[in-house]
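Asks: Sequence:
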Amino acid sequence: MTDWANWRDVKAKAREVAPSWDDAERVARRSRLREQMLASVSGAQLAEIRKQSGMTQAQLAEAAGFSGSTWPDANG
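The sequence shown: position 5 = 5 (the numbering used here), numbered continuously.
Honestly, I wouldn't trust all of these hints.
Said to hold, decoys possible - In silico DMTMM-like links for lysine to aspartate or glutamate, alpha-carbon gap of 20 Å or less:
hint	residue 1	residue 2
1	51	62
2	11	22
3	13	3
4	51	35
To be verified - Quick list of the computed label-pair ranges, beta carbon to beta carbon:
hint	residue 1	residue 2	range
5	34	65	39 to 49 Å
6	6	42	23 to 33 Å
7	42	8	40 to 50 Å
8	3	32	39 to 49 Å
I should point out that these hints are in silico values taken from the structure, not numbers from a laboratory.
All values reported here derive from a predicted model rather than from experimental measurement.
Even glycine gets a Cβ: it sits at the ideal position worked out from N, Cα and C.
Please put together the full structure from these sequences, using the hints given.
Replies: Shown next as structure tokens:
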């Protein structure tokens, strides 16, 4: 069975192995990746709710007040 690790200990070990762990560029990159991950999860949740409601993407966009020019192109 695997022993559980304290998150602070894990981060301390990462800092030992990679002293650049707290460099501004790496911190900013982790922040961007975290935001992308959360947006992806939120997007998936929104899609599921939309589908359960029987709405199309266009109907949801209209209900949310997005015009065609502000709604992102799903194809690109």
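Asks: Run every hint past the structure and note whether it holds.
Replies: Going down the list of hints, with the structure as the test:
{"no.": "1", "hint": "51 <-> 62", "in the structure": "holds (15 Å)"}
{"no.": "2", "hint": "11 <-> 22", "in the structure": "holds (10 Å)"}
{"no.": "3", "hint": "13 <-> 3", "in the structure": "holds (16 Å)"}
{"no.": "4", "hint": "51 <-> 35", "in the structure": "violated (24 Å)"}
{"no.": "5", "hint": "34 <-> 65: 39 to 49 Å", "in the structure": "violated (28 Å)"}
{"no.": "6", "hint": "6 <-> 42: 23 to 33 Å", "in the structure": "holds (28 Å)"}
{"no.": "7", "hint": "42 <-> 8: 40 to 50 Å", "in the structure": "violated (28 Å)"}
{"no.": "8", "hint": "3 <-> 32: 39 to 49 Å", "in the structure": "violated (32 Å)"}
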